[in-house]
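Student: Protein sequences, first through last, are from chains L and F.
Quick note on numbering: the numbering used here labels position 336 of the first sequence as 336, and the sequence is numbered without any gaps.
Quick note on numbering: the numbering used here labels position 462 of the second sequence as 462, and the sequence is numbered without any gaps.
Careful: at least some of the hints might be erroneous.
[What the hints assert, rightly or not] Just so you have them, the derived chain F footprint on chain L, three or more residues with Cβ under 8 Å:
#1 340-347
#2 439-451
#3 525-537
The set of hints was computed from the structure by calculation and includes no laboratory data.
We put the beta carbon where it would ideally sit given N, CA and C, even for glycine.
There are 2 protein chains.
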Amino acid sequence: MAERLIYLPLGGAGEIGMNAYVYGYGEPGRERLIVVDLGVTFGDMDSAPGIDLIMADLAWLEANRNRIDAIFITHGHEDHVGALGLLWPKLQKPVHCRRFTGALARLKLEEAGQPTDQLHIHAPRPAVVEAGPFKVQFVPVSHSIPESSALIIDTPAGRIVHTGDFKLDGTPVVGEAFDPILWHEIAHEGQGIKVLTCDSTNVFSPHPGRSEAILANPILDFVMGQKQMVVATTFASNIARLRTLAEAGVAAGRKICLLGRAMRRMITVATETGILDRFPAVIGPEEAADLPRDKVMLIVTGSQGERRAASAQLSRGRYLGVELKEGDSFLFSSRTIPGNERGVIRIMNALSEKGVDLYDADDGVYHVSGHANRPDIQAVHELLKPQIVIPMHGEHMHLREHAKLAEARGIASAIATNGTMLDLTGDAPRVVDQIDTGRLYLDGSVLIGAMDGVVRDRIRMALNGHATVSVIIDEDDNPLPDAWVELSGLPETGRAGVPLASNIESELAEFLERVDGKVVMDDDKLEDGIRKITRQVAMEEIGKKPEVTVIISRLAAE
Amino acid sequence: MAERLIYLPLGGAGEIGMNAYVYGYGEPGRERLIVVDLGVTFGDMDSAPGIDLIMADLAWLEANRNRIDAIFITHGHEDHVGALGLLWPKLQKPVHCRRFTGALARLKLEEAGQPTDQLHIHAPRPAVVEAGPFKVQFVPVSHSIPESSALIIDTPAGRIVHTGDFKLDGTPVVGEAFDPILWHEIAHEGQGIKVLTCDSTNVFSPHPGRSEAILANPILDFVMGQKQMVVATTFASNIARLRTLAEAGVAAGRKICLLGRAMRRMITVATETGILDRFPAVIGPEEAADLPRDKVMLIVTGSQGERRAASAQLSRGRYLGVELKEGDSFLFSSRTIPGNERGVIRIMNALSEKGVDLYDADDGVYHVSGHANRPDIQAVHELLKPQIVIPMHGEHMHLREHAKLAEARGIASAIATNGTMLDLTGDAPRVVDQIDTGRLYLDGSVLIGAMDGVVRDRIRMALNGHATVSVIIDEDDNPLPDAWVELSGLPETGRAGVPLASNIESELAEFLERVDGKVVMDDDKLEDGIRKITRQVAMEEIGKKPEVTVIISRLAAE
C-alpha cells in the first residue's frame with residue numbers, strides 16, 4: 001500500500017491547553033510516529049472539581065507504542081510539557097528538546113519519579129534530530145517564554161512546519177528574535193513547505209502583535225511614579241517580562257524581591273541554562289519587609305488568581321513577613337485567561353480593601369501577548385507559502401477562523417479537532433480516521449479517565465447533596481425498622497419544620513415494616529426502594545433530590 | 001437624644017448584585033426605616049454549588065421589623081427585585097414602585113405565593129410617597145431596562161438622591177431620556193442635595209457612556225449583510241435593545257421570532273404596562289422553522305451562557321423545531337458579565353462546530369452599557385453638587401475608586417460595604433455601627449444561611465469525594481469485624497492495585513479487632529478512629545483524604 005503522511009491531534013485542537021500532537025509516516029496503519037508536546041490543562045469547579053491536572057488520554061498511542069520513534073517538546077509552558085512526567089511511563093520513548101526547555105522537562109520527569117536518561121538536548125537548526133522517517137530541526141521563535149521553538153519536520157512526503165506557540169517579535173528582550181531571512185530560507189529549501197501546522201490562539205485579534213520591548217518605558221514610568229511599595233505580577237515563565245519589571249524597579253532606585261517558588265525557580269533555570277545573561281540582584285522577603293516601602297519592588301506569582309500563589313497570599317494578609325498597606329501599588333502585567341476572572345477579581349477587591357492601588361493591563365500598556373495575531377498569522381502564511389495550513393492550538397472557533405483565513409488565500413486547510421486523523425499526503429488534507437480520544441485527570445496521586453464517573457459523582461454531590469441510609473436485616477431476614485440516615489451538604493430541616501433526617505427515617509421505617517419479603521432478600525430492589533423514598537421525602541421537604549448511598553447490612557445467622 | 005439620618009447597605013455594596021439598602025431617620029437605635037430594593041445574585045460552582053439564588057440576609061431588618069415603614073423598588077432587574085417574593089414574608093411591609101417595575105414585582109410575589117395587596121404603584125415625580133419621616137419621589141433615569149428610577153428621599157436631615165442603576169442617555173430608544181433640566185431643578189430645590197448614593201459599576205470605564213440609539217444603524221447593517229438565518233441574543237429585560245434588533249430584522253425583510261420564556265414575558269409586560277408602544281409582529285418557532293432561512297431573525301435568551309436558555313439549546317441542537325446551520329449568523333448584543341465567560345465560550349464553540357458565524361460586542365459596535373461611566377459619574381457629581389457622595393452598587397474596588405473621584409472634587413465620601421452603618425447627619429459620613437450581615441441561599445425550596453455549613457460540605461465532597469463507613473456493634477458490645485465502605489466520587493483503585501474500598505475495609509477490620517472496649521462504647525471516639533484510618537488509607541492509596549460519614553449501628557440486646 002502507498003505510504004502516507006498523517007496528522008493526529010490528541011490534545012490542544014478544539015481547546016486551548018494540554019497540547020499533544022502526533023505525526024506519522026508509512027503504510028496506512030503502520031506509520032512510524034512522533035509525538036509533539038505533552039501538556040496539561042487545569043481543572044475548575046464547574047467541570048472537574050478536585051482535579052489537579054488534566055491531560056490527553058494517550059490510549060491510542062499506548063496501543064501503538066511500538067510505532068513511536070520520539071517525543072519532541074517545543075517549549076517549557078505547562079500546556080506543552082506539563083504532562084511529560086505523568087505520561088512518559090506510558091510511552092517510554094526518547095524525548096527531544098532544546099536546553100532551557102530540557103531543564104524544565106527534566107524537572108517534570110524527576111518530580112514524577114521517572115528516569116531522565118532518555119532526555120536529549122539539541123542545538124537549534126541546522127542541527128537535525130533523526131527519528132524514524134522524520135528529520136526534525138528546532139527553529140527559534142519568539143513567545144512569552146524563552147527558547148520556544150517551531151519544528152521543521154522533513155518527511156518523505158514533504159516538509160512540515162509545526163509552529164508551536166509563537167509571535168513575530170523582532171525585539172523580544174530575552175531570547176531569540178523573529179528572523180524573517182531564516183524563515184524565507186526555510187520556505188525555499190527543496191520543495192518548499194507542504195504543511196504549516198499553526199498556532200491559532202489570537203486569530204481574532206485584528207491588530208498586528210506588539211513587541212515585548214515596547215513595555216520597558218511604560219513600566220519604568222509606572223514604577224517611577226509610585227510612592228510606596230510596588231508589586232507586579234506576571235507569569236513566572238515570562239522571563240523577559242520579569243527582567244523588564246526588575247530592571248524598571250532597579251532604575252527607580254528599588255531593590256527587587258521575587259515571591260513565589262515557581263518564579264524563583266524559573267530565574268534559576270534561565271540563568272543556569274544561559275538564557276538569562278543578566279538579572280538584577282534580588283533580596284529575600286525579610287530584607288524587603290525591613291526596607292523603606294519606597295525602596296522595594298516585589299515581583300510575584302499568581303497573576304491568574306491562583307489561591308495559593310503569592311498574589312493571593314498578599315491580598316489576604318502578611319506573607320513571608322511582607323504586608324501590603326494603604327498607598328502601595330499592585331500591577332497585573334498580564335492578561336486574565338478566560339475562566340480565571342473570578343479569582344483575579346477576588347484578589348483585586350481584597351487588595352482594594354487594604355487601600356492598595358490597582359493597575360491592570362486591560363489597555364495593553366503593561367502587557368503584550370505571546371501569540372501571533374491575525375495579521376501576523378496572515379504574514380506567516382505569506383512568508384512560508386505552505387500548500388496546506390492546519391490550524392492548531394485553539395478552540396473550535398479559533399481553528400475555524402484560521403482555516404477561513406488560509407482558504408481565503410487559496411491555501412488548502414481543514415479543521416481537525418482532537419481525534420481527527422488527517423492524511424496530508426495529497427494536495428489537500430483528507431480526514432481518514434476518527435480516534436477515540438479523551439482526557440486523563442490527575443486526582444490526588446491517581447490518573448483517572450474523565451469519563452470514569454468519579455468527577456460526575458462529585459459534581460452531583462456538590463449540586464444535590466448526599467444522604468447515607470443504613471439498614472440492617474436481622475438473622476431471620478427481617479429488616480430492623482430503625483433505618484439510620486446521615487445527611488451531608490443538605491439543609492437540616494425542611495418544610496415540615498422537623499429534621500429532614502428524622503423525617504426520612506420515619507418514612508423508611510414505615511416502608512420497612514410493610515415491605516415484601518422478596519424485596520428484602522434482593523439487595524438491588526431493596527436499595528431502589530430505599531433510595532426512592534429518601535429522594536421523594538427530600539423533594540417534598542427541601543425541593544431537591546440528593547444523591548443516596550444505601551448500606552444494607554445482613555446479620556449472619558449464628 | 002438628637003435624631004440622626006443613617007444609611008446601611010445589606011447587599012450590593014462590596015459586590016455587584018443582590019442590592020438591598022436601608023435608610024433610617026430618628027433617635028439612635030429607634031430610627032424609622034425604609035428599604036430600597038431586594039435583589040438576588042446567582043451562585044456558581046466555585047462558591048455555591050447547587051444554589052439557585054443568593055440574597056441578603058435580613059436578620060437585622062427582621063429584628064427591627066416594627067421600625068420599617070416601606071420597601072421601595074427602583075427597577076425590575078433581578079438584582080434589585082429578584083428576592084422580593086422570597087424575602088417579603090420576613091418584612092411584610094408595603095412595597096412601592098412604578099408601573100412596569102410593579103408588574104414584575106407582582107410576578108415575584110405571586111411566584112412565591114405571597115399576597116400582592118401591599119404592592120403600590122406610583123406615578124413619577126412630582127408624586128410623593130410618604131413613609132414615616134421620609135418623603136420619596138421616583139425620578140426617571142435611563143438604564144438597560146425601562147422605567148428605572150432614582151429616588152429622591154426627603155428627610156428632616158436633608159435630601160438624599162439614591163440613583164439606582166442609571167446612565168446618562170438622551171435617546172434611550174424605549175423609556176425616559178436623561179433630563180438635565182429636571183435634575184438641575186432637583187439639585188436646587190430647598191437646601192439642595194445632602195447625600196448622593198450613587199451607582200459605581202462602570203467607574204473604571206474612562207470614556208463617556210454611549211446612547212442606546214447609536215446601535216440602530218450598525219445592527220441594521222449587520223442584519224442586512226447576512227445571507228442565512230440571523231440569531232441575536234441580549235438580556236430579556238433590555239426592551240430597547242429587543243426593539244432595535246427586531247426593527248432591524250423587519251427592515252431587512254425578515255420575520256421576527258422570540259425564543260425564551262423570559263423574553264416573551266418581558267415583551268408582554270412592557271406592552272401591557274404601556275412602556276412599549278410599538279413592537280414588530282412576531283411569529284412562532286414552527287413558522288420560523290418553515291420559512292426560508294434568509295427571511296427569519298431569531299431573538300433569543302441566554303446571552304450569559306445560561307445552560308437552559310435558548311442560546312445554549314440552539315448551540316446544542318434543534319430547539320422547538322429550529323436548527324442552526326452552516327452559514328447562519330449569531331450576534332451577542334451583550335457584554336459577558338465577569339464569571340460567565342466559560343458558559344459563553346462553550347456556546348460559541350458549539351455554534352462554531354455547526355458552522356455558524358459568530359459576532360460579539362467586544363468592540364462595542366453592537367452593545368452599549370446601561371451604567372454611567374466615570375465621566376458620567378463626575379458629571380452627576382457636578383450637576384447635583386451633593387454634600388456627601390456614598391458609592392454603592394460595586395465591588396470594593398469600584399466603591400473605592402468612586403469615593404476617590406468624589407474626594408478629588410472636595411465632596412465628603414466614605415466606603416460603606418454591606419453591614420457598615422453610616423451616620424449622614426453631619427457634614428461628612430461617620431461609621432457608627434457594623435451590623436452582622438450575610439447571605440441567604442435558596443437551595444431547592446429552602447432558604448439557608450450561607451454559613452450554615454451546607455454548601456461548605458458540598459464543596460468538600462466535590463473536592464475530596466465521599467466515603468461512607470458502616471460498622472455494627474453486636475448485642476455484647478463487640479464490633480463485628482466486617483466494616484462496610486462505600487465510595488462516591490473517588491477512584492476505584494489506588495496504588496496497591498486493589499479496590500480502594502476493600503483496602504479500607506481490611507484496615508478497619510484490623511482496627512476493630514484490636515480496638516479498646518472503652519472506645520467501642522463511645523460513639524465519638526469510635527467514629528474518630530474509623531474516620532482517621534479511612535482517610536489515612538485513602539491518602540496513601542490515592543493521595544487525597546475524602547469526607548467520611550461513619551454510621552455505627554448498635555444491636556439492642558433482646
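Student: How does the segment 525-537 of chain L fare against chain F when you require at least three residues with a CB closer than 8 Å, holds or violated?
Tutor: violated (count 0)
Student: Verify the coverage statement for the segment 340-347 of chain L against chain F, using a C-beta to C-beta distance below 8 Å and requiring 3 or more qualifying residues.
Tutor: Coverage by chain F holds for the segment 340-347 of chain L (3 residues, Cβ < 8 Å).
Student: For the segment 439-451 of chain L, do at least 3 residues have a Cβ located nearer than 8 Å to some Cβ of chain F?
Tutor: Holds: 5 residues of the segment 439-451 of chain L have a Cβ under 8 Å from chain F.
Of the hints listed earlier, the one the structure fails to meet is number 3.
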